[in-house]
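**Q** Chains A and B are the protein sequences, given in the same order.
The first sequence runs 31 to 510 under this note's numbering.
The second sequence runs 132 to 564 under this note's numbering.
These are calculated hints, taken from the structure and not from any lab test.
Backbone N, C-alpha and C define an ideal beta-carbon position, used for all residues, glycine too.
It is possible that part of the hints are untrue.
[Claimed, not checked] Residues from chain B that keep clear of chain A, each with C-beta distances beyond 10 Å, as calculated: (1) D222; (2) Q225; (3) R252; (4) Y253; (5) G258; (6) N368; (7) G376; (8) G468; (9) E484.
[Said to hold, decoys possible] SDA-like cross-link-like pairs, simulated, lysine to any residue; straight-line CA separation at most 25 Å: (10) K37(A) / T456(B); (11) K37(A) / D66(A); (12) K215(A) / D408(B); (13) K71(A) / D222(B); (14) K71(A) / P170(A).
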Amino acid sequence: MNAPILKLFVLVLLLFAALAGMTSYNSVIKAEDYRDNALNKRPQIQQALVKRGVIRARDGSLLARSEKGDDDIYRRRYAPGALRFSHALGYDYALTIGRAGLERSQNDALAGEDDELTSIVDDLSGKRTVGDNVITNLDPAAQQIALNALGGRRGSVVAIEPATGKVRVMASSPGYDPNSLRDAKVFSQLNRENTSPLFNRATQAGYVPGSTMKVVTAAAALDSGKFTPESTVVGTSPINVSGVPLKNFSDAQFGAITLTTALTNSVNTVWAQVAEKIGDDTYADYMKRFGFGSDPPLDYPEAQLTPSGVFDVKRQKPIAVDSGRVDIGRVAIGQERLRVTPLQMATVVATVANGGMRMKPHLTSRIVDADGRTVQRIEPEEAERVMSEKSAAQLTQMMANVVREGTGTAAALQGIEVAGKTGTAELNIPQRLNQPWFVGFAPRSSPKIAIAVTLENLVGAQGGTVAAPIAKQVMESLLR
Amino acid sequence: MNARNRELFALIPASLLVTAGFAAVFIQRDDLLSDLSLTYGLIFLALCLAAHLVLRMTLPDADPYLFALVAVLACFGLVVLYRLDEDFARDQAQWFVVGLIVFTATIVALREDHRVLERYRYVIASGGILLLLLPRLGSPTNGAYLSFNMGPISFQPAELAKIAIVIFLASYLRDTRQVLVVGARRFAGITFPPLKHLGPLLAVWGTAMVLLFVIQDLGSSLMFFGGFLALVYVATNRISFVLIGLALFALGARVLYAIRPTIESRVDAWLHPFDPDLYNQEIGGSYQIAQSIFTQADGGFFGEGFGQALIRLGNETPLLPAAHTDFIYAAITAELGLVGAVAVLLVYLLIIERGFKTAMLATDSFSKLLAVGLTSVLALQVFVIVGGVTKLIPLTGVTLPFISYGGSSIVANFILLALLLLVSDRARREAMA
């Protein structure tokens, strides 16, 4: 009977080999996939056992901290001052609804997973027990002024330091209380609300830019060498653009005027002709240099960033400006199917303010460990040269004229020269629903702040009368 | 060096392991490295020494490695349980004392000649079946009738029944193995056993099927039936008998699958553990098996370290359900990694190898079949639970022998070990003579 016993043992060996094989499959071969499985909350729980770092505003005020529960799990608490920053901060409820905003993009630092040096120290004492702190560039006072000025209306304000890319204000209205999301039901309720309070309008909304787009057109015109601020174009109304008549605002008639005058008075027919002369290819190139067509390089989750550009609205797909299917004359004045984020428009004016060099925007100022040592300082980083310093200086001059004597006078500050451009996108002419805009920067000679302000669907509202005064208040606060 | 001296030396690593294990848990808990870890190690060593002395007096020639290997598993299990919950470890340690007493009693009672068991084979068989039917009086756990509550003690009769049934089969097949082979008929290319001897075999098949229907547990049925087939194969050396048996079992299992929702949902959970609907299903879903897999995924090659894996939160919410019983293998994988888990499997393989070796050395058919049967059910039990936990086969709840928490499991497996040692002592003595 010994032969069958031996065979039986071989069978047992095979069965055990299968067990060892399956164990390797689970613990090593497929382990990565299993850890990433959406049902697997273990990685998030592991992180929640570490005391998450705090998030602070630029002035050091506390925005978010963590508190340990009875079950050893740390849960996020947001300070009252964090309510105004709900979109920029986001939330961290990883075990229920997930993460968003800075809480998501800076998760590695906050959870204490990115820093090798302290990890070694922690390894000696067991496990990492506390994450790093994130200090942001956000300015509580200016942010509050922006939100007050929006006054609960749907809209957004973004303010950036031109030379550094520091995002000082990122307001999106309406907002929400991040503490309320602790209850997952509130989250799904807010998700269904038609004012979309969870939506960050500053980085995600696709708005019609209206005449603020003329800043891009002017940059392309000057920097391509085809025009100077003194070049003259006849501004009669209406003219034929791509086979359809195009009118000036109030059907105003202009003779042969300079580009400076055309910007000051926001003459549609002039800028449409300018763009047609520049051509699709060159215009598309300048848009790309300004950052249109791709996600802005912000330290923010990709899922909450929308690129700006011309969109096939029905299919939600971007269309290349040089594809030949785009009416370039209307793109130049911010019509067509152009959709932009407030962050993109703030980036456009910040680039002009910074002598034509586009900087990468960033919400984070530095990352500090629990003992107060700076682990990482986010230095200013160049994204791309969009235009020459000379072109930028010429454009600045033109934009200063807009605020001094043109459509943007409401943004003028006492004793500080402001450069800017207004916009009023007519969304629904019979109902007089407009999207008012103001984009600009100050002080003109050495710009410290660039800003974009816009509001959604306001009856009869004009950029110069509704958006420009908001920009004025916020800039005043930031320059004080 | 004689067998018992080798056993004594082999116990040293076991006691070192238990001491090191407790020390690791204490360090992890930031406690002072108290002499308590040494105390635990010493108590365990004393117990092992006592058992060793019993063996020295009663079974001087028995296999020297079996007891030491079991001691390694037992002390490892104790450390793992201690890390999961001190109360479990304390209970388990008490069960070890009981187990060792029963172990000693079995050896003392049968040391003259274990073959007296043959005389009582029908009593033992009926006793085994009755034991299996007992839980039917209680209420099912996860749809299976597995345990029987006597006051505070929850008792899993399947553990003892597996031994009773192996004794019966070994004895029965010793009598009939010749006629089964000689009287066999070939039909359509397959060798069938003679009809008049087929009766009892069909009775065993029927019993396994009844078990399947009554206790509704695929795991224990697989264990019993697998042990039965292993015995039939060794007794007759006819693969065809095994294939017929497997076909019949598969038929029964298929019918059960069709009519019992619990079996069906276990198979569904096995096939689609990460289906959100099954995962979120309140009863009988795939939550447990998915958690088991996710826990193992944290292990990697070398594990997260002893006491480091995420098993539960605070003092309540378990992340890995039944970590101390059914899913203890998943907890071991997470903490000690692939290396630790495979090491545990290797220790089982060594025990199984010693068991089969004992069977090969034994001179009489009953002893041979008894050793084969006991070793096979042990191997199958490990396969069923580790296979279930690792998603190789559908999950069914049986204990991981000598490691999982559970009194009846410890006691039954110590009886199994005693029987193997009894067979081994006689076989080796006769081989030396």
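**Q** Please write out, lowest number first, the hints stated earlier that are contradicted by the structure.
**A** Violated hints: 6, 8, 9, 10, 11, 13 and 14; rest satisfied.
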